[in-house]
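With the hints as constraints, model all of the structure from the sequences given.
Residue numbers (our numbering), protein chains in the order written: chain P, 1 to 283; chain E, 1 to 451.
I should point out that these hints are in silico values taken from the structure, not numbers from a laboratory.
There could be a bad hint or two in this list.
Have a look at the derived ranges for each label pair, beta carbon to beta carbon [said to hold, decoys possible]: (1) E:Q319 - P:P272: 30 to 38 Å; (2) P:E100 - E:K300: 24 to 32 Å; (3) E:K300 - P:L209: 49 to 57 Å; (4) E:H30 - P:N12: 24 to 32 Å.
Not close to chain E: a few residues of chain P, all C-beta gaps over 10 Å, as computed [claimed, not checked]: (5) S16; (6) F118; (7) S124; (8) V142; (9) N147; (10) P162; (11) G165; (12) T168; (13) Q219; (14) K266.
Taking lysine-lysine and the BS3-like style, the derived pairs with C-alpha atoms no more than 27 Å apart in a straight line are [to be verified]: (15) P:K78 - P:K216; (16) E:K352 - P:K237; (17) E:K163 - P:K237.
Beta carbons: idealized from backbone N, C-alpha and C, even for Gly.
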Amino acid sequence: MEMWYTEEQTGNVRFSIRCDRQKYSAQSEFQRIEIFSTPEFGDVLVLDDRVMLTQKDEFIYHEMITHVPMAVNPDIKKILVIGAGDGGTVRELVKYKTVERIDMVEIDRMVVDACKEFLPTVASKLDDPRVHIYIEDGLRFVRRVENEYDLIIVDSTDPFGPGEGLFTTEFYGNCYKALTDSGSLVNQHESPFYPSYSRAMKQAHKKILQFFPFCKVYQAHIPTYPSGHWLFGFASKKYHPTNDLDEGRWNRLSIDTNYYNTRLHKGAFALPTYVTKQLLENE
Amino acid sequence: MKLDQSRAPVFEALKQYRENRIVSFDVPGHKQGKGNPELTEFLGRQCMSVDVNSMKPLDNLCHPVSVIKEAEELMADAFGAKHAFFMVNGTSSAVQAMVMSVCKRGDKIIMPRNVHRSSINALIVCGAVPVYVNPGVNKRLGIPLGMSADSVKRAIELHPDAKAIIVNNPTYYGVCSNLREIVRLAHDAGMKVLVDEAHGTHFYFGDYMPLSAMSVGADMAAVSMHKTGGSLTQSSALLLGEGISEGYVRQIINLTQTTSASYLLMSSLDISRKNLALNGRKIFEWVTELATYGRNEINKLGGLYAEVYDILRDRYDIQIEFGDIGNILAIVSVGDKILNVERLISALYEVKRLYSKDPSGMLDHEYIEPVVMCSPQDAFYSKKRQIPLQDTLGTICAEFVMCYPPGIPILAPGELITKDAIEYITYAKAKGCNLTGAEDINTEKINIMIQ
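Put into structure tokens, the structure is as follows:
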């Protein structure tokens with residue numbers, strides 16, 4: 001029997017991966033969670049019919065969402081990660097010995113548990129003693145915190161369903177409040193290619209711009225995400241993401257990566273013209 | 001509840017109608033949507049295919065004998081009423097039917113001054129004369145309260161010939177009166193009790209709720225199923241207690257009701273009633289929990305002084321039900337999720353952080369004792385003339401002048417324009433209150449009766 005996972009990336013575009021077997025399937029309070037084993041991409045995590053990660057290309061996403069802000073300010077000590085239940089973001093962050101504390105706020109306990117059991121290469125560092133996991137709504141968590149974190153990483157699902165609150169003005173404003181004077185906010189910023197995603201991208205950029213003096217968008221190529229062209233947002237109270245990058249300092253840390261390097265860091269902020277145009281609509 | 005509440009006769013008949021694939025040579029002319037593709041694309045085929053007219057298998061709201069009759073019986077059973085009417089012209093039409101069922105031209109009716117304007121409009125139609133009761137105001141919040149039983153007792157003593165009393169259960173701001181006591185006082189005096197439960201659907205289904213009209217023996221109640229019960233906007237229910245003639249009330253309803261009642265609205269009433277009857281207890285336990293959580297979290301903020309209503313809508317994409325100078329009113333209902341309540345709370349924290357101002361003086365509300373000179377009907381249909389506000393002293397007002405906050409009319413048709421009223425309108429304007437009701441949109445001129 002042939003088994004294929006097919007995702008409707010838009011109403012008119014489908015993306016399919018051949019599967020060997022389904023390793024996990026459950027409905028949580030918030031979403032449908034599935035893990036497939038596939039010949040091309042290894043294990044694949046799917047939430048509400050959207051690929052969240054595959055073993056083969058997750059390194060791109062997780063390295064880009066973490067090492068970019070860490071390279072801009074390697075003095076970051078205290079980090080808040082919102083979402084990221086699979087553990088990939090935390091796995092990258094614990095590579096920095098100078099990081100003292102990582103608070104991870106994930107709304108869905110079942111995602112964390114499923115990833116620990118079935119995606120051990122991704123969730124491998126969730127038991128690091130510096131990591132504290134809170135199972136609750138990220139918006140609720142962040143509104144009660146003030147002047148606390150050097151970095152907030154928003155590693156969320158798309159802005160439909162449980163991730164919706166993490167794309168709102170009230171969320172970004174509360175993040176600003178929760179950051180220290182030199183704090184930065186990095187978020188997964190959807191894709192510029194298909195209109196349903198680029199709408200979310202433009203809105204998120206517009207909302208973040210209200211709060212932060214430095215607000216830049218950078219990109220990466222992630223084969224299993226819709227269009228393969230994915231964006232991240234870098235916003236900071238103090239740092240410019242490329243002007244304030246000290247390449248030598250980060251390289252001396254000898255952090256082991258497979259996608260990120262400091263030359264790519266600078267290039268990632270050089271966006272295609274059609275993307276810049278979309279972002280400028282709101283600047 | 002004695003009947004099988006898992007039934008939904010109108011809903012079931014519509015599904016049957018759809019399955020039968022009837023060829024229609026009746027109205028509506030869109031013929032299951034085929035004649036209006038753009039609208040069908042927008043609202044959906046499912047929706048358009050049951051936007052149909054009365055016909056034998058679907059009964060007729062003006063004179064129900066089959067599925068609508070059964071659905072109304074189920075509704076009555078679910079609300080503990082003797083009879084229930086499906087209403088498709090909004091709760092305003094239910095309130096008007098209540099008033100017109102018990103009052104004729106010249107009859108007196110006791111009502112709180114903060115009654116919904118649909119009640120006073122009913123007086124314009126039927127010619128009854130209002131006796132107003134001061135509901136009192138909470139000074140700290142600047143909101144009107146519910147009538148006290150004592151003030152109702154005094155009104156009954158002063159006007160023993162009144163035919164009925166209207167009670168809000170609750171008011172727009174959620175305040176309830178001692179309904180049980182008011183019903184007792186009224187019935188002892190031979191008066192009917194009409195209850196505006198536009199915001200009280202949930203009182204019939206929750207465990208720790210205020211008393212509902214039917215549970216304390218009130219005579220009639222208008223219930224907005226669409227406000228907190230989950231049905232479509234404009235659908236509503238009129239409930240009857242013992243001692244009111246179902247047939248006469250139907251005649252009254254049919255005076256003004258459409259003869260093309262919408263099956264979308266009626267099926268929404270039917271399905272919502274079923275849901276509330278079967279799951280209401282659980283639903284409202286959850287809604288109460290949500291509202292309590294939201295209230296506690298928001299209270300931790302302390303006071304917040306800003307144009308919250310506008311800021312939430314314009315900057316946070318959050319629509320609040322209502323905002324006045326000192327308050328906002330957010331409705332939490334059967335359709336809410338914890339994540340949305342969290343958005344409201346978080347946005348309020350942000351509004352406080354970013355937009356908070358010094359508290360400006362609250363509106364100091366004074367109750368203007370209305371002096372009723374003639375029925376609203378006589379005033380409304382009299383010869384009238386618009387003159388500047390400051391020249392109106394001693395004349396009789398021929399229109400409404402309402403003020404938000406606190407949502408109490410300053411003047412209604414047929415009332416003497418006193419010095420207090422003119423001063424209060426001037427003061428409220430200066431305070432930035434929203435004045436409505438007058439023909440002149442800026443309330444600089446007032447329509448008065450020419451005697």
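(request) Taking the shortest Cβ-to-Cβ distance between P:G165 and chain E, state whether it exceeds 10 Å. (result) violated (5 Å)
(message) At 10 Å, judged by beta carbons, does P:S124 keep clear of chain E as stated?
(response) holds (30 Å)
(request) Run the C-beta distances from P:P162 to all of chain E and say if the shortest one exceeds 10 Å. (result) Given that some Cβ of chain E is not farther than 10 Å from that of P:P162, nearest at about 7 Å, it is violated.
(message) Checking a non-interface call: every C-beta of chain E should be farther than 10 Å from the C-beta of P:N147. Is that right?
(response) holds (12 Å)
(message) Within 49 to 57 Å: is that where the Cβ-Cβ distance between E:K300 and P:L209 falls?
(response) About 29 Å separates the Cβ atoms of E:K300 and P:L209, which means 49 to 57 Å is violated.
(message) So if I understand the rule, the pair passes when the alpha-carbon distance is 27 Å or less; does P:K78 with P:K216 pass?
(response) holds (22 Å)
(request) Assess, step by step, whether the Cα of E:K163 is no farther than 27 Å from the Cα of P:K237, and give holds or violated. (result) Violated, at about 69 Å.
(request) With a cut-off of 27 Å on the C-alpha distance, tell me whether E:K352 and P:K237 pass. (result) It holds: about 21 Å lies between the C-alpha atoms, which stays within 27 Å.
(message) Given the hint of 30 to 38 Å, is the C-beta distance from E:Q319 to P:P272 inside that range or not?
(response) holds (37 Å)
(message) Tell me if the beta carbons of E:H30 and P:N12 are separated by a distance inside 24 to 32 Å.
(response) Cβ of E:H30 to Cβ of P:N12: about 29 Å, so the range 24 to 32 Å holds.
(message) Checking a non-interface call: every C-beta of chain E should be farther than 10 Å from the C-beta of P:S16. Is that right?
(response) holds (29 Å)
(request) Would you check whether the claim that P:T168 is not at the interface survives, using Cβ distances to chain E and the 10 Å cut-off? (result) Per Cβ check, P:T168 is inside 10 Å of chain E; nearest 6 Å; violated.
When each numbered hint is compared with the structure, violations occur for hints 3, 8, 10, 11, 12, 17.
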